[in-house]
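Peer 1: First to last, the protein sequences are chains A and B.
Going by numbering that gives the first Met the number 0, the first residue of the first sequence is number 0, and it counts up by one from there.
Going by numbering that gives the first Met the number 0, the first residue of the second sequence is number 0, and it counts up by one from there.
Treat the hints as calculated values from the structure; they're not laboratory data.
The beta carbon of each residue, even a glycine, is placed where N, CA and C say it ideally should be.
Accuracy of the hints is not assured; some may be wrong.
Said to hold, decoys possible - Among chain A residues calculated to face chain B with C-beta under 10 Å, some are: (1) 73; (2) 87; (3) 140; (4) 214; (5) 225; (6) 227.
Unchecked claim - Computed cross-link-like contacts, DMTMM-like style, restricted to lysine to aspartate or glutamate with a CA-CA straight-line distance of at most 20 Å: (7) A/138 to B/457; (8) B/456 to A/143; (9) A/111 to B/442; (10) B/445 to A/50; (11) B/427 to A/143; (12) B/445 to A/53; (13) A/138 to B/149.
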Amino acid sequence: MLDIQNLHATVEEKDILKGLTLKVNPGEVHAIMGPNGSGKSTLTNVIAGREGYEVKEGQLNFEGQDLTELSPEERARAGIFLAFQYPVEIPGVSNMEFLRASLEEVRAAQGKEPYDAVTLLRKTREACQQVDLDQAFLKRGVNEGFSGGEKKRNEIMQMLLLEPKLALLDETDSGLDIDALQVVAKGVNSLRSPDRAIVLVTHYQRLLDFIVPDFVHVLSNGRIVKTGGKELALELEEKGYGWITGEEA
Amino acid sequence: MSPNAEINKLLESGYEAGFVTDIESDTLPPGLNEEVIRTISKRKNEPEWLLEWRLAAYRRWLEMDYPEWAHLDYPEVDFNKVSYFSAPKSMKDRPKSLDEVDPELLRTYEKLGIPLHEQEMLAGVQNPVAVDAVFDSVSVGTTFRKQLEEAGVIFCSISEAVHSHPELVKKYLGSVVPQGDNFYAALNSAVFSDGSFVYIPKGVRCPMELSTYFRINEQNTGQFERTLIIADEGSHVSYLEGCTAPMRDENQLHAAVVELVALPGANIKYSTVQNWYPGDEEGRGGIYNFVTKRGVCFDNAKISWTQVETGSAITWKYPSVILRGDNSIGEFYSVALTRHKQQADTGTKMIHLGKNTKSTIVSKGISASKSSNVYRGLVRIGPGAENARNFTQCDSMLIGDTCAAHTFPYIESRNPTAVIEHEATTSKVSEDQLFLCQSRGLDPEKAVSMIVNGFCKEVFQELPMEFAVEARALLEISLEGAVG
Numbered sequence: 000m001l002d003i004q005n006l007h008a009t010v011e012e013k014d015i016l017k018g019l020t021l022k023v024n025p026g027e028v029h030a031i032m033g034p035n036g037s038g039k040s041t042l043t044n045v046i047a048g049r050e051g052y053e054v055k056e057g058q059l060n061f062e063g064q065d066l067t068e069l070s071p072e073e074r075a076r077a078g079i080f081l082a083f084q085y086p087v088e089i090p091g092v093s094n095m096e097f098l099r100a101s102l103e104e105v106r107a108a109q110g111k112e113p114y115d116a117v118t119l120l121r122k123t124r125e126a127c128q129q130v131d132l133d134q135a136f137l138k139r140g141v142n143e144g145f146s147g148g149e150k151k152r153n154e155i156m157q158m159l160l161l162e163p164k165l166a167l168l169d170e171t172d173s174g175l176d177i178d179a180l181q182v183v184a185k186g187v188n189s190l191r192s193p194d195r196a197i198v199l200v201t202h203y204q205r206l207l208d209f210i211v212p213d214f215v216h217v218l219s220n221g222r223i224v225k226t227g228g229k230e231l232a233l234e235l236e237e238k239g240y241g242w243i244t245g246e247e248a
Numbered sequence: 000m001s002p003n004a005e006i007n008k009l010l011e012s013g014y015e016a017g018f019v020t021d022i023e024s025d026t027l028p029p030g031l032n033e034e035v036i037r038t039i040s041k042r043k044n045e046p047e048w049l050l051e052w053r054l055a056a057y058r059r060w061l062e063m064d065y066p067e068w069a070h071l072d073y074p075e076v077d078f079n080k081v082s083y084f085s086a087p088k089s090m091k092d093r094p095k096s097l098d099e100v101d102p103e104l105l106r107t108y109e110k111l112g113i114p115l116h117e118q119e120m121l122a123g124v125q126n127p128v129a130v131d132a133v134f135d136s137v138s139v140g141t142t143f144r145k146q147l148e149e150a151g152v153i154f155c156s157i158s159e160a161v162h163s164h165p166e167l168v169k170k171y172l173g174s175v176v177p178q179g180d181n182f183y184a185a186l187n188s189a190v191f192s193d194g195s196f197v198y199i200p201k202g203v204r205c206p207m208e209l210s211t212y213f214r215i216n217e218q219n220t221g222q223f224e225r226t227l228i229i230a231d232e233g234s235h236v237s238y239l240e241g242c243t244a245p246m247r248d249e250n251q252l253h254a255a256v257v258e259l260v261a262l263p264g265a266n267i268k269y270s271t272v273q274n275w276y277p278g279d280e281e282g283r284g285g286i287y288n289f290v291t292k293r294g295v296c297f298d299n300a301k302i303s304w305t306q307v308e309t310g311s312a313i314t315w316k317y318p319s320v321i322l323r324g325d326n327s328i329g330e331f332y333s334v335a336l337t338r339h340k341q342q343a344d345t346g347t348k349m350i351h352l353g354k355n356t357k358s359t360i361v362s363k364g365i366s367a368s369k370s371s372n373v374y375r376g377l378v379r380i381g382p383g384a385e386n387a388r389n390f391t392q393c394d395s396m397l398i399g400d401t402c403a404a405h406t407f408p409y410i411e412s413r414n415p416t417a418v419i420e421h422e423a424t425t426s427k428v429s430e431d432q433l434f435l436c437q438s439r440g441l442d443p444e445k446a447v448s449m450i451v452n453g454f455c456k457e458v459f460q461e462l463p464m465e466f467a468v469e470a471r472a473l474l475e476i477s478l479e480g481a482v483g
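Could you build all of it, start to finish, from the sequences and the hints given here?
Peer 2: Quick look at the structure:
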């Protein structure tokens, strides 16, 4: 599904990814871990196509298509979803309005009929319930005045509705208390399916207690330096990153 | 392409109302002197008192200094290069009904989406709106006059009102904006050509929205319209104003005066969608819009101004309310969008004189490209205005990094019981907002339009339904362009 080969990418002329290789198949959950500054967030932003994140070398393919040729919105329509680390506010644009516009675009691109008003309302209410957000949030401006936890849950709510093929979660666990973490994990787990892949970027092992990954990768200095199963995360928790990266963690 | 370049590209869009109507006009040669004023007055067959009123205004104007206090930068207008009167030739023998109006004129308004055929409007699903269409210096027709007359509402061109209702015109003309009020108001008083006149009798709720549609067509012609709305005791009226002009390389002058009189218990809602030609990306052409709009509220009366301004090269406009009566209410809701090299200096004045008077100001300025957007507002509480309240919210949004936004709020309180609140914010359509929308499948054009619409929501809510739809569409057009 996602095929990354020897990827080199820069942010503001600075080399961040230096030959990263990663293959993600449908049905798999991958966790990307690593110390601060190792390039974790850069990876998700490069995949989603953020301005200023430039691919200099290597391959970035999604379902056989070269992602670098697609604009961010085209990538979204192709089924890639990025849950943001710091979701921004869009005052005055209601969550509902935003979801309707987004769903319309993404579903149209995938040859699906738009939801009628009744279905949309039902779907959005269900999604709210799943992430434990009051329905009143649908009427509020996108992330406007939301707490940190509410913003993260709002991201997961959008993800549930958009039903992406590839979900990228950028430090979705940061700043969440244990209850919120469980809610978010439950939402993500409900999306797990044989034809969908999930890439979790996280600094801490604790999220992986609730979303159990198939693979854990350690990113250091712009490359994946170690790959293992879920037990690798526990080892990292215990020993830190230093023993792998060769640096003091 | 950097995000800013992308946004700028979005903003290079066309102006859909920019066509010219090919019609023979009877236009006075450029220049201003007493003779010109006498000619205008004579053409309109005006009574002696009105000619004297015009001449008095002209003499005041001659002694006034050219205003330079606004945060605007443009070459001084040469008032002798402007023509002060232009009328389509076919209007010389005034058509008696809309059926007799030159079809070319009707087509112009049709093209602009302003139907002047009553039957068509009645057949439509929308609520009928009575329209007065002003083309250059004259009113070409007013719809739904019969229905309005039945309710006792007078809605006609001001030239007509001078003859049919001289007592009302004489009593109220210049009562809110005196001849010598300011430079452009004085000029307008001297040379005003046409505009709308509205009178709502005591206790009457006007049965439909009234609207005037202004169109400048002729080259080098100024439009100096004068609108006078009188809402008698306990009456209600909602009035809409729309404006467009062809795309021309030279600047055209528009200096209007609007006077609103809300007698005790009356309620006037005045909404404007101003889409004068803004000039091109290089700042060539566009309308110079110098407008004086003011209303006076007597006891328990209310005046509400709502404006959506996307046009004009230069905007100089401060719709104001004098809260003269006790318990009167003034409101100002404004969206001003500037792009290219447009400059807007706009805001409001709320003058609290009566007891328990209230005013609300919500201003949303959006600047893009190389434009400049200024909010200038005055809240004045007089010594007798016990328990006056004002709330001001003034938000600016910047799109890209080559534009400017300024806020100049003036607050003067001479009564210690007054409560005045002022909130101001400045925000930017950020790359983060744009990226959030894009990564949810929205293209940048839709994203910017959605973000800007969200920003303006509080003001759009104040517009009458159909106008709100038009305003949203106008913002979308103003923001749209080819996406690379």
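Peer 1: All hints, please: hold or fail.
Peer 2: Now for the hints, and whether the structure bears them out:
no., hint, in the structure
1, 73, "holds (9 Å)"
2, 87, "holds (4 Å)"
3, 140, "holds (7 Å)"
4, 214, "violated (24 Å)"
5, 225, "violated (29 Å)"
6, 227, "violated (30 Å)"
7, A/138 to B/457, "holds (14 Å)"
8, B/456 to A/143, "holds (14 Å)"
9, A/111 to B/442, "holds (18 Å)"
10, B/445 to A/50, "holds (17 Å)"
11, B/427 to A/143, "holds (15 Å)"
12, B/445 to A/53, "violated (24 Å)"
13, A/138 to B/149, "violated (44 Å)"
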